[in-house]
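In case you want the letters, here they are:
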Amino acid sequence: MDKNESKPFDAKERLKIKRHEMSSQPSEERRRNFKEVPYGYSPEEAVEEAKRCIRCKKPYCIEGCPVNINIPAFIKLIEDGDFLGAAKKIKETNSLPAICGRVCPQEDQCEKVCIIGKRKDTPSVAIGNLERFAADYEAEHGNVHIEIKTEKDKKIAVVGGGPAGLTVAGDLRKMGYSVSIFEALHQIGGVLMYGIPEFRLPKDILMRELNVLKDMGVKVFTNAVIGKTITVDELLEERGYDAVFIGTGAGTPKFLNIPGEELNGIYSSNEFLTRVNLMRAYDKSEYDTPIKIGKMLVVFGAGNTAMDSVRTGLRLGYDDARVFYRRSRKEMTARLEEVHHAEEEGIKFEFLINPVRFIGNESQNVTAVECLRMELGDPDESGRRKPVPIKGSEFTISIDAAVIAIGTNANPIVPNSTPGMDLNKWGHIIVDENTEKTTKKGVFAGGDISTGAATVILAMGAGKKAVVAINEYLETGIW
Amino acid sequence: MYEIVVKKSLGEGVNLYGIYAPDIASKVLPGQFVILRVSDKGERVPITVANADKKEKTITIMVQTLGKTTHMLSELNKGDSLSDVVGPLGVPTEIEKFGTVVCIGGGFGIAAVYPIAKALRDLGNNVISIIGARSKNLLLMENEMRSASSEILIATNDGSYGTKGIVTDVLRRLIYEDNLPINRVVAIGPVIMMKAVSDLTRERHIKTMVSLNPIMIDGTGMCGACRVLVDNKIKFACVDGPDFDGHLVDFDNLMSRLKFYKEEEKASYECHMKEHHNKV
Numbered sequence: 001m002d003k004n005e006s007k008p009f010d011a012k013e014r015l016k017i018k019r020h021e022m023s024s025q026p027s028e029e030r031r032r033n034f035k036e037v038p039y040g041y042s043p044e045e046a047v048e049e050a051k052r053c054i055r056c057k058k059p060y061c062i063e064g065c066p067v068n069i070n071i072p073a074f075i076k077l078i079e080d081g082d083f084l085g086a087a088k089k090i091k092e093t094n095s096l097p098a099i100c101g102r103v104c105p106q107e108d109q110c111e112k113v114c115i116i117g118k119r120k121d122t123p124s125v126a127i128g129n130l131e132r133f134a135a136d137y138e139a140e141h142g143n144v145h146i147e148i149k150t151e152k153d154k155k156i157a158v159v160g161g162g163p164a165g166l167t168v169a170g171d172l173r174k175m176g177y178s179v180s181i182f183e184a185l186h187q188i189g190g191v192l193m194y195g196i197p198e199f200r201l202p203k204d205i206l207m208r209e210l211n212v213l214k215d216m217g218v219k220v221f222t223n224a225v226i227g228k229t230i231t232v233d234e235l236l237e238e239r240g241y242d243a244v245f246i247g248t249g250a251g252t253p254k255f256l257n258i259p260g261e262e263l264n265g266i267y268s269s270n271e272f273l274t275r276v277n278l279m280r281a282y283d284k285s286e287y288d289t290p291i292k293i294g295k296m297l298v299v300f301g302a303g304n305t306a307m308d309s310v311r312t313g314l315r316l317g318y319d320d321a322r323v324f325y326r327r328s329r330k331e332m333t334a335r336l337e338e339v340h341h342a343e344e345e346g347i348k349f350e351f352l353i354n355p356v357r358f359i360g361n362e363s364q365n366v367t368a369v370e371c372l373r374m375e376l377g378d379p380d381e382s383g384r385r386k387p388v389p390i391k392g393s394e395f396t397i398s399i400d401a402a403v404i405a406i407g408t409n410a411n412p413i414v415p416n417s418t419p420g421m422d423l424n425k426w427g428h429i430i431v432d433e434n435t436e437k438t439t440k441k442g443v444f445a446g447g448d449i450s451t452g453a454a455t456v457i458l459a460m461g462a463g464k465k466a467v468v469a470i471n472e473y474l475e476t477g478i479w
Numbered sequence: 001m002y003e004i005v006v007k008k009s010l011g012e013g014v015n016l017y018g019i020y021a022p023d024i025a026s027k028v029l030p031g032q033f034v035i036l037r038v039s040d041k042g043e044r045v046p047i048t049v050a051n052a053d054k055k056e057k058t059i060t061i062m063v064q065t066l067g068k069t070t071h072m073l074s075e076l077n078k079g080d081s082l083s084d085v086v087g088p089l090g091v092p093t094e095i096e097k098f099g100t101v102v103c104i105g106g107g108f109g110i111a112a113v114y115p116i117a118k119a120l121r122d123l124g125n126n127v128i129s130i131i132g133a134r135s136k137n138l139l140l141m142e143n144e145m146r147s148a149s150s151e152i153l154i155a156t157n158d159g160s161y162g163t164k165g166i167v168t169d170v171l172r173r174l175i176y177e178d179n180l181p182i183n184r185v186v187a188i189g190p191v192i193m194m195k196a197v198s199d200l201t202r203e204r205h206i207k208t209m210v211s212l213n214p215i216m217i218d219g220t221g222m223c224g225a226c227r228v229l230v231d232n233k234i235k236f237a238c239v240d241g242p243d244f245d246g247h248l249v250d251f252d253n254l255m256s257r258l259k260f261y262k263e264e265e266k267a268s269y270e271c272h273m274k275e276h277h278n279k280v
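From first to last, the protein sequence lines stand for chains A and B.
Just so we're aligned: the first sequence equals residues 1 to 479 in our numbering.
Just so we're aligned: the second sequence equals residues 1 to 280 in our numbering.
One or more of the hints may lead you astray.
To be verified - Pairs of lysine-lysine residues, derived as BS3-like cross-links and limited to a Cα-Cα distance of at most 27 angstroms, are as follows:
id	chain 1	residue 1	chain 2	residue 2
1	A	292	B	57
2	A	219	A	35
3	A	284	B	233
4	B	27	A	292
5	B	266	A	284
6	A	118	A	18
7	B	57	A	155
8	B	262	A	219
9	A	149	A	174
10	B	266	A	292
11	A	284	B	27
No lab work stands behind these hints: they were computed from the structure.
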């Protein structure tokens with residue numbers, strides 16, 4: 001018997017163990033650098049945290065995970081010291097654990113339904129931290145080469161190399177299909193590459209996961225804008241693909257539609273983050289991407305993208321980086337952890353403020369924003385109380401830059417170039433919610449292009465569903 | 001990788017490149033552009049496609065050395081490759097039977113207006129072209145433009161060739177002195193030129209299409225950096241354009257947006273040239 005075999009089950013003892021938070025870079029240091037914030041667990045910490053899982057008979061955490069990782073099983077393997085086994089267990093259902101361990105909103109998913117977290121005084125098991133630990137351990141110590149056992153003679157084109165597409169590509173390749181990813185930018189990764197900052201998801205870790213896919217034999221074509229360079233119909237009819245999965249992600253950025261928004265120094269969050277993440281504007285000695293730095297940066301919005309933008313602004317060197325939100329703290333959609341991290345770093349949040357116009361100088365550079373104070377009225381269609389302006393509450397604040405992080409509209413390039421594929425009134429692709437099938441034969445879609453802006457893991461969950469349906473379609477030929 | 005199969009100097013820091021890009025060559029239509037990166041740490045630069053050869057699977061672009069990236073490009077030779085070329089991007093220019101169309105190209109705009117003039121002429125339009133440059137030796141594609149037009153008029157700032165002056169002077173003459181009935185104008189060149197042309201045709205209500213060249217990153221509608229004000233509404237040049245009705249474009253805003261990173265671009269170029277000279 002392995003000396004590391006875990007002790008006999010004793011829930012009472014397990015419940016006494018305190019939750020281990022990851023140690024992290026002190027806030028006063030990290031606010032000025034782009035290094036990752038939490039350091040991750042040591043093996044000892046991971047084992048201790050794993051001991052907190054009481055292995056319930058009915059593990060709700062599995063259902064709480066959009067890709068249904070067998071969470072109790074991998075946690076037990078960590079407890080037993082079999083860290084590589086734990087990583088392998090996760091990878092049975094999730095190809096990108098190092099990423100999910102970092103960017104999933106676990107507090108709304110697996111950790112939300114964790115039984116011990118439901119009790120008073122015992123926070124849920126730190127499932128996300130453990131997932132990250134197992135994945136990082138494997139990357140450092142393990143052999144991440146994945147053998148493809150049987151090759152199948154069918155080809156799948158994946159449009160967009162973001163979370164949904166990567167999931168589809170990895171899983172179908174594991175089944176033996178020939179898979180090609182078509183990516184519009186010069187690097188795959190989608191939002192993981194251009195959107196999520198280095199300090200939340202180091203690009204080395206992303207590259208590592210992407211290299212695993214390439215090593216498995218997934219073909220990657222960058223600089224391929226499907227709908228422009230090649231159309232979906234051409235993939236199916238001329239290039240011999242048997243199925244197409246569309247995961248083109250969040251689309252075109254929304255703006256506030258207020259006067260002055262065309263001024264210099266006003267960015268969409270997509271532009272601001274792409275300049276810094278994909279184009280590495282923060283690394284001036286190596287890369288050619290310019291970015292301006294000034295005294296005051298204001299970010300409008302209160303989701304995760306707003307948090308990423310404001311924390312990025314601070315790290316670039318803005319003296320003061322703030323969030324302005326038209327509703328109150330309670331209505332913010334960002335993860336609590338991100339808000340908490342941002343506040344630790346000295347970012348100020350100002351609530352119930354709505355911008356009404358931007359003011360610029362003779363060079364058409366933004367110099368100020370005029371805002372109105374708001375109060376909460378009756379609930380709107382989203383169920384949240386609707387902010388209404390307070391008369392006469394106008395005020396003006398000097399700014400050097402503004403980032404608009406209020407969401408996206410559907411990108412029209414693929415939908416408009418693909419006849420026979422129906423869209424909803426917002427321009428998102430209509431899919432069957434169980435199979436991710438579009439109304440066009442052989443074409444599946446998932447992630448933000450069908451749901452509108454959501455999370456990495458929900459896109460991956462959609463990818464999972466599509467994989468099952470694509471496999472069935474290719475095996476049976478029945479649409 | 002995207003191999004340079006042809007490189008020709010057109011004088012004064014201007015080069016023509018033929019680039020092997022089969023997918024783009026088979027698809028590109030007049031008015032569309034590509035985004036290229038010279039190196040894997042370089043910026044993404046949008047450039048209008050001047051010509052495409054489906055058989056040879058190549059596209060032709062013309063580039064003037066202005067900053068770091070274009071200088072790095074100018075250092076490359078036949079047989080070298082670019083890191084990235086993506087396209088064709090943007091909505092193709094509207095090509096219909098309009099009647100008499102005046103195609104105006106200023107400086108580098110000639111390279112962009114050429115495929116449009118050719119397509120319009122192929123469709124049976126009466127194409128009158130006005131091309132201009134600072135000086136005769138800087139005038140691009142004269143022969144090509146001549147073959148794509150029923151009449152060609154030339155303007156140079158220094159008077160070394162054609163009319164002394166600018167393309168707008170020639171257009172003004174066509175409209176006001178010759179009273180030429182014009183169904184449409186297509187004008188591509190420096191922003192200030194497109195603005196002047198649009199101001200001139202506005203009075204006579206001659207529909208005028210211009211091709212805008214704001215700063216871009218992805219070129220697929222994702223970042224919004226290329227937003228322009230058209231009829232006071234925000235449009236994205238990469239997916240809604242690059243062609244817009246010149247009478248509705250806020251050119252002053254476009255000019256100021258193009259200038260935003262000038263200091264950084266200058267510093268980057270100077271730093272690059274210093275390193276470059278040290279190496280040489």
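So, going through the hints one by one against the coordinates:
1. Distance check on the hinted pair: residue 292(A) and residue 57(B) sit about 40 angstroms apart at the alpha-carbon level, beyond 27 angstroms; violated.
2. In summary, the hint linking residue 219(A) to residue 35(A) is not supported, as the alpha carbons are separated by about 31 angstroms, beyond the 27 angstroms threshold.
3. Restraint check for residue 284(A) and residue 233(B): the C-alpha separation of about 34 angstroms exceeds 27 angstroms, so the hint is violated.
4. Of the pairs offered as hints, the one joining residue 27(B) and residue 292(A) is violated, with about 37 angstroms between alpha carbons and a cut-off of 27 angstroms exceeded.
5. For the hint linking residue 266(B) to residue 284(A), the alpha-carbon distance of about 14 angstroms falls within 27 angstroms, and the restraint holds.
6. Note on residue 118(A) and residue 18(A): the hinted pairing holds, with a Cα-Cα distance of about 15 angstroms set against a maximum of 27 angstroms.
7. Of the supplied pair hints, the one linking residue 57(B) and residue 155(A) holds, its CA atoms being roughly 25 angstroms apart against a limit of 27 angstroms.
8. The straight-line distance between the Cα atoms of residue 262(B) and residue 219(A) is roughly 39 angstroms, outside the 27 angstroms bound, and the hint therefore fails.
9. Between residue 149(A) and residue 174(A), the direct Cα distance comes to roughly 8 angstroms. Compliance with the 27 angstroms bound is thereby established for this hinted pair.
10. Note on residue 266(B) and residue 292(A): the hinted pairing holds, with a Cα-Cα distance of about 14 angstroms set against a maximum of 27 angstroms.
11. Between residue 284(A) and residue 27(B) the CA atoms are separated by roughly 36 angstroms; this puts the pair beyond 27 angstroms, and the hint is violated.
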